[in-house]
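Novice: Residue strings, one per chain:
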Amino acid sequence: MIIQSIIGGGLIGTAVSILLLLNGKVLGVSGIVGELFNNSLKKNYWRLFFLLGLFISPLIYNIFYPVSLGEITSNNLVSALGGLLVGFGSRLGSGCTSGHGVCGVARLSLRSLIATMTFILFGFITVYLMQKVLI
Amino acid sequence: MSAIISLLVGMIFGIGLIIAQMTNPSKIISFLTFGENWDPSLLFVMASAVFISFFAFSLAKKKNKTLLNLDFEIPKRSDIDSSLIVGSALFGIGWGMVGFCPAPAIVSLAFGNLQTLLFIVTMLIGVYLVKIIKK
Numbered sequence: 053m054i055i056q057s058i059i060g061g062g063l064i065g066t067a068v069s070i071l072l073l074l075n076g077k078v079l080g081v082s083g084i085v086g087e088l089f090n091n092s093l094k095k096n097y098w099r100l101f102f103l104l105g106l107f108i109s110p111l112i113y114n115i116f117y118p119v120s121l122g123e124i125t126s127n128n129l130v131s132a133l134g135g136l137l138v139g140f141g142s143r144l145g146s147g148c149t150s151g152h153g154v155c156g157v158a159r160l161s162l163r164s165l166i167a168t169m170t171f172i173l174f175g176f177i178t179v180y181l182m183q184k185v186l187i
Numbered sequence: 010m011s012a013i014i015s016l017l018v019g020m021i022f023g024i025g026l027i028i029a030q031m032t033n034p035s036k037i038i039s040f041l042t043f044g045e046n047w048d049p050s051l052l053f054v055m056a057s058a059v060f061i062s063f064f065a066f067s068l069a070k071k072k073n074k075t076l077l078n079l080d081f082e083i084p085k086r087s088d089i090d091s092s093l094i095v096g097s098a099l100f101g102i103g104w105g106m107v108g109f110c111p112a113p114a115i116v117s118l119a120f121g122n123l124q125t126l127l128f129i130v131t132m133l134i135g136v137y138l139v140k141i142i143k144k
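Heads up: the sequence lines are chains B and U, in that order. In terms of the working numbering, the first sequence has 70 at position 18, counting the first letter as 1, and numbering is strictly consecutive. In terms of the working numbering, the second sequence has 36 at position 27, counting the first letter as 1, and numbering is strictly consecutive.
These are computed hints drawn from the structure, not numbers from a lab. Hints may contain errors.
[To be verified] Straight-line distance between alpha carbons at most 27 Å, and here's what the computed DSSO-like set of lysine-lysine pairs gives:
| no. | chain 1 | residue 1 | chain 2 | residue 2 |
| --- | --- | --- | --- | --- |
| 1 | B | K94 | U | K85 |
| 2 | U | K85 | B | K95 |
| 3 | U | K71 | B | K95 |
| 4 | B | K94 | U | K140 |
| 5 | U | K85 | U | K140 |
| 6 | U | K140 | B | K95 |
| 7 | U | K74 | B | K94 |
| 8 | U | K72 | B | K94 |
| 9 | U | K85 | U | K74 |
| 10 | U | K144 | B | K94 |
| 11 | U | K143 | B | K95 |
| 12 | B | K95 | U | K72 |
| 13 | B | K94 | U | K143 |
| 14 | U | K36 | B | K184 |
| 15 | U | K85 | U | K72 |
| 16 | U | K144 | B | K95 |
| 17 | U | K70 | B | K95 |
| 18 | U | K74 | B | K95 |
| 19 | U | K85 | U | K70 |
[What the hints assert, rightly or not] Simulated coverage check for chain U against chain B, where a stretch passes if three residues somewhere in it have a Cβ under 8 Å from a Cβ of chain B:
| no. | segment |
| --- | --- |
| 20 | 16-27 |
| 21 | 41-51 |
| 22 | 58-65 |
| 23 | 84-91 |
| 24 | 94-103 |
| 25 | 107-113 |
| 26 | 131-141 |
[As the list claims (entries may be wrong)] Have a look at the derived ranges for each label pair, beta carbon to beta carbon:
| no. | chain 1 | residue 1 | chain 2 | residue 2 | range |
| --- | --- | --- | --- | --- | --- |
| 27 | B | Y180 | U | I134 | 23 to 29 Å |
| 28 | B | L111 | U | S35 | 18 to 24 Å |
| 29 | B | Y117 | U | I13 | 22 to 28 Å |
| 30 | U | K71 | B | L181 | 42 to 48 Å |
| 31 | U | P49 | B | N96 | 35 to 41 Å |
| 32 | B | N96 | U | K74 | 20 to 26 Å |
| 33 | B | Y117 | U | I134 | 31 to 37 Å |
| 34 | B | L186 | U | L79 | 44 to 50 Å |
| 35 | U | K74 | B | L186 | 50 to 56 Å |
| 36 | B | L181 | U | S92 | 20 to 26 Å |
| 37 | B | P118 | U | S35 | 17 to 23 Å |
| 38 | B | N96 | U | D90 | 25 to 31 Å |
| 39 | B | T125 | U | F64 | 36 to 42 Å |
Where is the CB? At the ideal position from N, CA and C, for every residue including glycine.
Excised from the complex, chain B in its bound form (with noise of 0.2 Å):
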């Protein structure tokens, strides 16, 4: 449903304004995670925080409404490589869909416009050869 992408990117972008209107801090996943790495405990209050809030959002959400969030069906190698790769190439290309993919388009940054239309464009070369391998 369409209202629904809408209303669910409509609190991403809420979420985003306040974190960066009240904090000063952007909003990108991979950083926020990958960062925990590189600070002290201090430092790292905000980022664990979020992270949390993150992790018990479907809890809270569930208090409400009967959750469903969809499962993984991938294989426990093509999960485990997958993570891999996220991890490691959202580090690397300093962003993923959060970061890059609103935050940075949100700025105007070309810079993660082009990351994201290269991770998007990836996504969909992966389907596709993955379906074909598996048909």
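Using the hints provided, position chain U relative to the given structure of chain B.
Specialist: Relative to chain B, chain U alone:
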């Protein structure tokens, strides 16, 4: 104070992803599928999120300090280098393989299956590998 805001932002962001169904890997894979089965939902989610975030970043550009009197930490890089392209391409491959990017994976963890946990663990390994090679 900023830690509490981060917690709330994480929750709002996570609930946005849940409502937009971005936590469902098959929804992401449908977006990344060529042809008549293509599901454009993710574009609406991104458009809606970018639209709201755009105003927040425009406002942030005009201010020196946030509403909590903190400094803005906004990325300044604009170079298009090979790390950006290679990293984004690898991220796109992992994303297409499984249908998860970092945030939805973390949101799904509490209700997820074994593959979700596996994905997160290898994602963290991938993140850490970039820290090692960048030294």
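Novice: All hints, please: hold or fail.
Specialist: Here is how each hint holds up against the structure:
Among the hinted pairs, B:K94 with U:K85 is consistent with the structure: their alpha-carbon atoms are about 24 Å apart, no more than 27 Å. In summary, the hint linking U:K85 to B:K95 is supported, as the alpha carbons are separated by about 20 Å, within the 27 Å threshold. Of the pairs offered as hints, the one joining U:K71 and B:K95 holds, with about 26 Å between alpha carbons and a cut-off of 27 Å not exceeded. For a cut-off of 27 Å, the pair hint linking B:K94 to U:K140 stands: about 20 Å separates their Cα positions.
At most 27 Å may separate the alpha-carbon atoms for a hinted pair to count; U:K85 and U:K140 meet this at roughly 20 Å. Restraint check: the Cα-Cα separation between U:K140 and B:K95 comes to about 18 Å, which is no more than 27 Å; the hinted pair holds. Using a Cα cut-off of 27 Å, the hinted pair U:K74 and B:K94 holds, with the two alpha carbons roughly 21 Å apart. For the given pair, U:K72 sits about 26 Å from B:K94 by alpha-carbon distance, which is consistent with the 27 Å threshold.
For the suggested pair U:K85 and U:K74, the alpha carbons sit about 17 Å apart, so the restraint of at most 27 Å is met. Of the pairs offered as hints, the one joining U:K144 and B:K94 holds, with about 23 Å between alpha carbons and a cut-off of 27 Å not exceeded. About 21 Å separates the Cα atoms of U:K143 and B:K95, which keeps this hinted pair within 27 Å; it holds. For a cut-off of 27 Å, the pair hint linking B:K95 to U:K72 stands: about 23 Å separates their Cα positions.
Between the alpha carbons of B:K94 and U:K143 the distance comes to roughly 24 Å, so the proposed pair stays at or under 27 Å and holds. Of the supplied pair hints, the one linking U:K36 and B:K184 holds, its CA atoms being roughly 19 Å apart against a limit of 27 Å. With a C-alpha separation of about 16 Å, the suggested pair U:K85 and U:K72 falls inside the 27 Å cut-off, and the hint holds. The suggested pairing of U:K144 with B:K95 holds, with an alpha-carbon distance near 21 Å, which does not exceed 27 Å.
With a CA separation close to 24 Å, the supplied pair U:K70 and B:K95 stays within the 27 Å bound. With a C-alpha separation of about 19 Å, the suggested pairing of U:K74 with B:K95 holds against the 27 Å cut-off. Proximity of U:K85 to U:K70 is assessed by CA-CA distance (about 12 Å); at most 27 Å being required, the pair is judged to hold. With 12 residues having a Cβ less than 8 Å from any Cβ of chain B, the segment 16-27 of chain U passes the three-residue criterion, so the hint holds.
For the segment 41-51 of chain U, the assignment as covered by chain B holds, since 5 residues bring a beta-carbon within under 8 Å of that chain's beta-carbons and 3 suffice. Residues of the segment 58-65 of chain U with a Cβ under 8 Å from some Cβ of chain B number 8, which satisfies the need for three, so the listed coverage holds. Counting residues of the segment 84-91 of chain U whose beta carbon lies closer than 8 Å to any beta carbon of chain B gives 5, which meets the minimum of three for the stated coverage. Counting residues of the segment 94-103 of chain U whose CB lies closer than 8 Å to any CB of chain B gives 10, which reaches the minimum of 3, so the coverage claim holds.
Remark: the segment 107-113 of chain U is confirmed as covered by chain B, as 6 of its residues place a Cβ nearer than 8 Å to a Cβ of that chain, reaching the required three. Under the rule that three or more residues need a Cβ within less than 8 Å of chain B, the assignment of the segment 131-141 of chain U holds, with 10 such residues. The hinted range of 23 to 29 Å is satisfied by B:Y180 and U:I134, whose Cβ atoms lie roughly 27 Å apart. Distance hint check for B:L111 and U:S35: the Cβ-Cβ separation is about 22 Å, which falls inside the suggested range of 18 to 24 Å.
Restraint check, B:Y117 to U:I13: a C-beta distance of roughly 24 Å satisfies the suggested window 22 to 28 Å. Our hint of 42 to 48 Å for U:K71 and B:L181 holds, since their Cβ atoms are close to 46 Å apart. Taken as a hint, the range 35 to 41 Å holds for the pair U:P49 and B:N96, whose Cβ atoms sit roughly 37 Å apart. One distance hint, 20 to 26 Å for the beta-carbon pair B:N96 and U:K74, holds here, with the actual separation near 22 Å.
Between B:Y117 and U:I134 the beta carbon distance is about 34 Å. The supplied range of 31 to 37 Å therefore holds. For the pair B:L186 and U:L79, the beta carbons lie near 49 Å from each other, so the given range of 44 to 50 Å is met. Range check, U:K74 to B:L186: Cβ separation about 53 Å, and the 50 to 56 Å hint holds. Here the CB-CB span from B:L181 to U:S92 is close to 24 Å, well matched to the stated 20 to 26 Å.
Taking the beta carbon of each, B:P118 and U:S35 are about 19 Å apart, inside 17 to 23 Å as hinted. A C-beta distance of roughly 27 Å is found between B:N96 and U:D90, which places it inside the suggested range of 25 to 31 Å. Between B:T125 and U:F64 the CB atoms are about 38 Å apart, so this pair conforms to the stated range of 36 to 42 Å.
Checked against the numbered hints given earlier, this structure breaks none of them.
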